[in-house]
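Protein chains in written order, with the numbering used here: chain L, 1 to 495; chain V, 496 to 611.
Watch out, some of these pointers could steer you wrong.
[What the hints assert, rightly or not] Not everything, but these chain L residues come out facing chain V in the computed CB check (under 7 Å):
id : residue
1  : 127
2  : 141
3  : 171
4  : 175
5  : 178
Simulated from the structure, these hints should not be mistaken for laboratory data.
All C-beta atoms, glycine included, are put in the ideal place defined by N, C-alpha and C.
If you want the building blocks of each chain, they are given just below.
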Amino acid sequence: MLFLPILIPLISIILLIASRHRLKLQQWLSIVSVLAQLIIALTIFFNLSETGHLVAQAGSWPAPYGITFVADYTSAILLIAVSLIAVAAIIYSIGFVDQVRQRGGLFVLFQGLLTGVYGSLLTGDIFNLYVWFEVMVISSFVLITLGAEKQQLRASVKYLVMNLIGSMLFVAAIGLLYSQLGTLNMADIAYKLRSEAIPPLVNSAIMLFFIAFGIKAAVFPFFFWLPASYPTPPIAITAFFGATLTKVGVYVMLRFYSLFAQLDAPFWQPVIFVVAGLTMVFGVLMAASSYDIRKILSFHIISQIGYMLMGIGLFSVIGLAGAIFFIVHNMFSKTATFMAGGLIYLYKGTYDLKKLGWVYKTKPFLAFLFLIPALSLAGIPPTPGFFGKFFLLYAGFEGAHWTITIVALVVSILTLFSMVKIWNEAMWKPEVESANLSVKSVRPAAWVGTVIAVVFTLLLGLTVGFTYDYFAQAGQQLIDPMNYIKAVLPELIAK
Amino acid sequence: MNVLIALLIGFLYAVSVYLLLRRSIVKLVIGILFLSYATNLMLFFAGGLTETSPAFVMASEAQSAVMTSDSLPQALILTALVIGFGVAAFSMVLIYRFYKETGTVDLDDLSDIEKL
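Excised from the complex, chain L in its bound form (with noise of 0.2 Å):
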């Protein structure tokens, strides 16, 4: 059952790029796809062991030796988490891009997306991630580049540069952690580290995990290349890349702290609370400064992954509930946002907030979906990034890292004072006289796309009563790997 994440995807590219002369039937089949998706998601998290684990050999070759796919509470819930947002993509960008990028591959390329991020989620493997990481950035760098304006080829070099150092470093850890340990499987590897004596060079290959899931995650000096090309394509596919590539980098860390990183915690803590409070404080200020929807909105993403980071640094089980679902609400509200900012583009044919106006008088309900998420990302209640936000700094007061929880509190408002620009400007403030701008034809599929986003950002926010117990599991998971290690190794730990 913890192949189907993966071969789904990979069935409908294939039917996809049979079915490559019928629009109709791609999108079809897209929406198809990804519910599937979601059901296999659903079945796999109802199906989690008592320690919540579940875990497949591929080819029935024993745990050290084979590949070995894993399944445990926060992969199960990011899974969950990133299907349903992919239906809410898909269906939006149907009705948002246009037919030359549609014609030119984009549904193919969202799942061969989602099949990278699905494997990334679900490998217990180094050097499969590695693979599923790659899958998953080749599909970006087409994405990106997909429709091949000015903007974009300019913004994909720097992207694709970045990208590639980043995964090269991963496989030179690869190649040290192999060399140190003799063995891939990230259980046995967590194993190793904590029955034998620590060769010196691990240490060196988990800086370097670090740096090159840095560079994915877009954390503080490495997060250039977000900003930079994240606003170039159509902003469906911003808003897809948004939900999945720097999230999965955070999920990486977040694994990797927990099973080999923790061993070494006075050293690496210190460092995640610089890294992230960086983050956060530099993310925010540039959006402040900015003046464009798009932009701002990236911005938030490298802030927002700050918060993610102090989650990790924090690992306590409300730190780490903390963290993860932050990634989901991130996921939902920086989506919905994204898409309601497409919606006024579609409008008003402008991203630049000094040109829009008067949205609120013109499109009072367009305003309300913008609102929702936006207050969800500033982190007012009942939206999820309240919650969130109240884990991350409830476990941060309670561990008394006093610096790193004020430094939180106070980016909050600065992203509050950026939603409310936004707000000010682009709904509010009379209409500028603007040359015509060329305003395009709104199919309904964007607006339904947006909806669904906004509503479920809605619902995260109302059933955190239900869901919380879900979250403290998977951070008590990750704070003791012990019951991952046996799932995956069962006869080593039995000897």
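Start from chain L and add chain V according to the hints.
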């Protein structure tokens, strides 16, 4: 031998960093290629260098073959190479389109026309 290979890997990394920092986009792509070669060599090195020992032996020779070299890093490199080829092909198409669209191969020209 180990030292030589280590020096070679270091040299390849140095070359790639130098090329990545150049302004020309063509050199940038060559830099990416060197980066992946250096990394692949490092991966190869991870299995340890064992002279004159094969990765596979026949079942009949299994008794006599005292030492075999680790075949896993070689399999890993094969995978990494294929991915590297794919990425290299894509980046070459990308720089070609980039040149066709902008008429320049100088990355510094990027910044002053980058207004969104």
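Verification of the hints:
1. 127: 6 Å, holds
2. 141: This hint holds: residue 141 of chain L lies near chain V, its Cβ roughly 6 Å from the closest one there, short of 7 Å.
3. 171: 5 Å, holds
4. 175: 4 Å, holds
5. 178: 5 Å, holds
When held up to the earlier numbered hints, the structure conflicts with none and fits them all.
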